[in-house]
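Spelled out from the first residue to the last, the chains are:
4 protein chains.
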Amino acid sequence: MTDRDQDRFHDQCGVFAIVNHPEAANLAYLGLHALQHRGQESAGIVTSDGARLHACRRMGLVGDIFTPDRLSRLKGDRAIGHVRYSTAGGTSISNAQPFTVHYRGGSLCVAHNGNLTNALVLREELETQGAIFQSSGDTEVMVHLIARHGMDLVESICQSLYRVQGSYSILFMSERLVVAARDPFGIRPLCLGRLGESWVVASESVAFDLIGASFERDVEPGEVLVFGEDGAVRSLRPFPSRPRRLCLFEYVYFARPDTLLDGRSVYRCRKDMGRILAQEHPADADIVIAIPDSGTPAALGYAETSALAFEMGLIRSHYVGRTFIEPKQSIRNFGVKLKLNPSRAVLDGRRVVVVDDSIVRGTTSRKIVENIRKAGAREVHLRISSPPIRFSCRYGIDTPDDEELIAHAQEVGAIQDFLGVDSLGYLSLEGLKTATGENGFCTACFDGDYPVDFQDRGRRLQLRFEGL
Amino acid sequence: MTDRDQDRFHDQCGVFAIVNHPEAANLAYLGLHALQHRGQESAGIVTSDGARLHACRRMGLVGDIFTPDRLSRLKGDRAIGHVRYSTAGGTSISNAQPFTVHYRGGSLCVAHNGNLTNALVLREELETQGAIFQSSGDTEVMVHLIARHGMDLVESICQSLYRVQGSYSILFMSERLVVAARDPFGIRPLCLGRLGESWVVASESVAFDLIGASFERDVEPGEVLVFGEDGAVRSLRPFPSRPRRLCLFEYVYFARPDTLLDGRSVYRCRKDMGRILAQEHPADADIVIAIPDSGTPAALGYAETSALAFEMGLIRSHYVGRTFIEPKQSIRNFGVKLKLNPSRAVLDGRRVVVVDDSIVRGTTSRKIVENIRKAGAREVHLRISSPPIRFSCRYGIDTPDDEELIAHAQEVGAIQDFLGVDSLGYLSLEGLKTATGENGFCTACFDGDYPVDFQDRGRRLQLRFEGL
Amino acid sequence: MTDRDQDRFHDQCGVFAIVNHPEAANLAYLGLHALQHRGQESAGIVTSDGARLHACRRMGLVGDIFTPDRLSRLKGDRAIGHVRYSTAGGTSISNAQPFTVHYRGGSLCVAHNGNLTNALVLREELETQGAIFQSSGDTEVMVHLIARHGMDLVESICQSLYRVQGSYSILFMSERLVVAARDPFGIRPLCLGRLGESWVVASESVAFDLIGASFERDVEPGEVLVFGEDGAVRSLRPFPSRPRRLCLFEYVYFARPDTLLDGRSVYRCRKDMGRILAQEHPADADIVIAIPDSGTPAALGYAETSALAFEMGLIRSHYVGRTFIEPKQSIRNFGVKLKLNPSRAVLDGRRVVVVDDSIVRGTTSRKIVENIRKAGAREVHLRISSPPIRFSCRYGIDTPDDEELIAHAQEVGAIQDFLGVDSLGYLSLEGLKTATGENGFCTACFDGDYPVDFQDRGRRLQLRFEGL
Amino acid sequence: MTDRDQDRFHDQCGVFAIVNHPEAANLAYLGLHALQHRGQESAGIVTSDGARLHACRRMGLVGDIFTPDRLSRLKGDRAIGHVRYSTAGGTSISNAQPFTVHYRGGSLCVAHNGNLTNALVLREELETQGAIFQSSGDTEVMVHLIARHGMDLVESICQSLYRVQGSYSILFMSERLVVAARDPFGIRPLCLGRLGESWVVASESVAFDLIGASFERDVEPGEVLVFGEDGAVRSLRPFPSRPRRLCLFEYVYFARPDTLLDGRSVYRCRKDMGRILAQEHPADADIVIAIPDSGTPAALGYAETSALAFEMGLIRSHYVGRTFIEPKQSIRNFGVKLKLNPSRAVLDGRRVVVVDDSIVRGTTSRKIVENIRKAGAREVHLRISSPPIRFSCRYGIDTPDDEELIAHAQEVGAIQDFLGVDSLGYLSLEGLKTATGENGFCTACFDGDYPVDFQDRGRRLQLRFEGL
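Chains as they are written, first to last, in my numbering: chain A, 1 to 468; chain B, 1001 to 1468; chain C, 2001 to 2468; chain D, 3001 to 3468.
By construction, these hints were calculated from the structure, which means they are not laboratory data.
Straight-line Cα separation of at most 20 Å, SDA-like style, residue types lysine to any residue; simulated pairs:
id, chain 1, residue 1, chain 2, residue 2
1, B, K1328, D, T3067
2, A, K75, A, E23
3, A, K75, A, D49
4, B, K1374, D, F3215
5, B, K1075, D, S3330
6, C, K2075, C, G2106
7, C, K2075, C, G2050
8, A, K328, C, T2067
9, A, K374, C, L2195
10, B, K1374, D, L3195
11, C, K2328, A, D49
Modelling step: build the complete structure from the supplied sequences, incorporating the hints.
And the structure:
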């Protein structure tokens, strides 16, 4: 992983389900490939043939894991799948999903994107009742809750979801049923599509594009969809109505630009962020460049509005991904340089607006800025297409602790000095909301307004176990 | 796996523990290497540094799994380890051991050799109480029982062992304690050794030889040994006294010839089996050959007593182990031939006594006999250094169902005809007991006298899940 | 490899050398990483410590091949390296470079980018003299020529280069010398850089950027550079002067945009191609999109000049590279879709200018166009930033035979019909030359004006050997 | 590799050919499996379909290299194959065989067991003529000689064999012909077999046993067999008649016990060596043990003649083969212990005769003796079933230099002291000849009587190249 990757927010997962299709495994595999940007550590697919579940979970990329041989063993006409991002320290096959268990009701597998904020409280309670845990994840907590209920699966799921707090776009599958649910605030995205006689569910609509499915609608916050064996789908609303609070950062960075969130084009929203950013923070400069690829749409919008030329000033290597050996006689900003090469021909002697989507710790941004200057840029005006990130996410995004966020305690001026730029401008939260055209967002990482209570506060999972 | 391997009994596991040694992982790894014959599917080591457990479990052989890098991450001064044999259908990393969980008491890992005969009954009971299972193994049942107890670990282990039935030579480790236990009948072997200030426990004493530890004594049937942090060991006897019933087949085939079982040399016992076999079933023949390597000690004993020359009539290839491709224009008895080549120079024109340790289905034996005849043997007199196997094992040995055992319903005469030998002689059960010098054995596979009740009878694990 | 990759020209190699640096292997490895786009099949580095050569050649990517362990064995203060593209049928480690031999002069290794046009003629001649060949490549021919000369290495190299025809940017290394040479027409690029006391040579200047070396100058066509042990470099000119003919396609597609060719920024040239293309072939449209990533600079130029908005209408997946399984119920244009997703939000209802760098067979372009229309584009105006490709390359580029080139026998009108576009415009050769600002180019693939004779015409290597 | 392996002589190769069989590759693969004991570093098979050769060469064991997929690509009805032992420093795929080239005559591949004693002289001569070498092996020299001849292949082979000196059992294959040859002294073994309409050639007859072929006869010293496309075989005798000198060590150690050399059973010869050894060097002892597996046949013979009981006093692990990590707190004689465990139950308090086949450096023998004593042996009487090895082999066996051979300069008494045994007895050369029943042997390693001149004496290959 390069420096730049480490200094980013990361989504932890993507989920996909397909029901009533003779090639369920093959399509789940393509769906996960389209969601690969949401998690590259591990991937898994579980299928059901109505009588038995068939599973394959592995560390690695979708395209490497699912060989023809492995896919052919995943029999059945329905499937759920998961891609997972590696969070610090938790790299282990035992955390890979879909998570699968046997319990008195039969077999159950679960694919979860999100984060429960009372998982540790519930875990303690379950352990007191004698539960054993084999992973460090909160998904296992959910499964324990379900297994303890005596009723039918859908009822058990609803009861269990009632007890958990936090964010979840989650898929369940037993031998006979597939269930999709989204938390009452709709913090993580989840959408419903249609492919002939089949239903598909995915974290992002790009998964539908590849397999030729049509986008139907978003799964509603608080909605539980039950896909039965008869091809019918039921929509349940077991929770009281809550204001929707979709994660704003999905628009800023996580989602693919070609996806739709709540029916809106992410690419268009990002371009609008750049346009508004140009209005809020114009710069007296010669050219606009992006930090590719995530900063590009906003940079295009910024350039359009500011009537400055958009140029490719940083060229991204497509072959990074593994660890490279740094020479002893070390190369300054080595990790960043491996991935992004500043183009002297573009930058030399120019006053440059650099557009990025966000700043987390700021350490990588500083290196990139230094490299841009070394390539001859006369001035560097950094523009960020989101507000300062001041608080950690509790809902499924891998973020550093508050103290490590450069904007947690520092003002823009101090950050500007740290980064060594001639000017620094963040998009305002209002500007961001305008660009995304919605009011119902989770903005906690910007303003600390957390929609869901944090019962686990102060608790820390006492993992006395490594390398399960 | 060759034909011959498939037509054998197989032990399912070997276990090893070491306490109070600065290189616990390195020594556990060597100990498991010495026990590799007890299981080649997967291997695992968990260490404890007093505060945290560190684990590595993988499919494959000990020498391939434990690289210097992986061993170096297994920190701590105590370790338990496990090698596992692949039983039909259950090949999966989720069944690899040591099995590890988090529960209210902290972390717990378990390495188990044996088989519980009421695991399904207990599993149903636990599931009714809401337990979830992630493996198909009975070890997970044991862990659930422990986790449900509220007392200290040793007390919980004893209480749980009280509830399970069947065979177990089992090791537990928490952050702070190592516990070794052997079932009340002592069906599977377990012995205690000493290496300087360290204690070692292993399925067989050969594990002590390699690391230079001394054999202290067998762990007694029904004994629970607790190794504390102070280097002290406590011996508990939580169960009522039972007659000892060590598995006779450990003497016949499983254990390495250079190991000690209950303090007796396995090699010597096997040689004595051959001696008694020669008395019980002499043969008018020219030479004695063994089916190598397991039949060799008994063949040497047979040759000595019968005053016939022992010859190497079957040469074993040391490079078999993987699947070989059979030509379309097939080679008769291909699988057996890959492993055992009959030597015409030895066999041609001779009347041959062939000594093997046991017959399971008889299909492989028949092929070997046919190959020996093709190499010119004039007569083939098969001698088996154990009684006819008539009943399946329920205590941790991978055996076919009763109906597949050639001796289950057939008399010796019919078997002789099936195998195509000129004469066939099995060692009597009395002869076998004389050779092993003990009375307290489990002889169930020979005479159906099962020491432990089979509560799971008629139950079958409804595994509706594949490829966990 | 995706559909799109298969319907491209491909460079066959990149070369790199460094002389007089204590970490020669580490820097060669980084240099090759920067040149990875020039070849992904195999890579190799050979170092010299003055007395011995040390080599590592493997199939795969630079970042996967050169582990710390392997790099540490590549001792010495000078190194040459090579990345190779897989040409049809020739995938084999025996064709990987640097090519290495022992001969009477000692050891010699060679890294070659280019193609000899009299290799088969020379090969026949050498075979008649008793030479044996272990590869199918023309580099082995060069080595035979050198080995047959009796003089010192530099003299032998010059004499041998005199005999070969075609294109070569080539590096030689013996135990004591490093030699770099470029063919008299300078068909393939090669440049010289400086890193402190060390000299570096590379196919493209991007290799200098990563390691912090400075660009000195291009190696001149027909120049032979000799790097001695004393750190000195000698420039020889053993050939009569010829007009320079650098491959124009390096500007169009092969080179990285951030590299300098003959001192000119490739990115700027490409943008200018787009600008001139907009003048030559304007379009009445709403937006300009690129086929990413290679078409992006020209699309930016086209958009600027035409005053149309540049938009990201096709989103490229960064995780393609391996073979994906296509469902039985097949997905139209599957291979292209895996890599490029058309964004309906951008394209729907729009009249779209699509800019690509070139068309080879046209089959992939047709699929992309169809996908763009399916995403709602009202009109598709395809603009190509190079002239029609009508002739195969003989100088080191992997191209199909003439007949497979869509423009070989068809006019623009017919191609437009085949591709299903509303209009089609190619950049004129004059326009291309204007954009690249030079006259001395090889334009053979556009106009059939091959600078070097093709003695091998009609010959075909009779390879009666597979999988060496 | 364990200590014991390192302190052994090693054969460098085994060869196998089959002509006129529809499953040539599959049978070559089984043949090589049967010859695996002759070389474990690399293996290769080349097939011919009459028009093209198809090759697969890899590092590793036969069973790992030849997957169904790879075998299926080896098309044709004839094949030659090779297994190779790793000699010090020469581990590289470029030395793997069959060695394959293109030359004016077409394609040619060669599989060679043996060693040329004028390879360096010829290499220098060839290099002077401009030849290039890509390997360090002498097989490449042979191919150069053949390529330089202008006549037909068989004629060229004969002429080339005329020029080389040393030992060779060698196979050649072009698109149309297979040729087998054995050097005029017949130093390395080679035999001819028949399988239906097919001819087979192999280093040892065990390769015939597995595939069901019958042993026809040995290839005669100096004989060249030509297998044409018509299924016919011609026998040529291009060399003047020489006294046969088969390597005696093939009988002592290299060959599998179940093979026939010159029609004699190796197992029987080894048993006879033990019998004669018992007569020459009786011992006042209690038991006889072997160092398994190679010492076992002689130990059985020794026990029979001396009327002492043969016992299994050293148990060999079947799972050694890879490098094991030694604990820091090191284990005495670790490498030997991993492989051979002395059984205290057998050895304790006994006077033990230990039979081994040979002593090379003596370092490993000393460790084994020490381990036997530690296991309680009261006396150790070492008996060696061959004479003292006093001279290096020049004909294809990997031996240390003369000075490293313990018997090169030391008398038996001194060796006995070094090894720490109570008595030491070597089989006399006469005894060995008696046991093997032949006079025509190469005995150079025992008495320095080298049958072939050593033109390369004093020369050393100046390999200035590593890791080709």
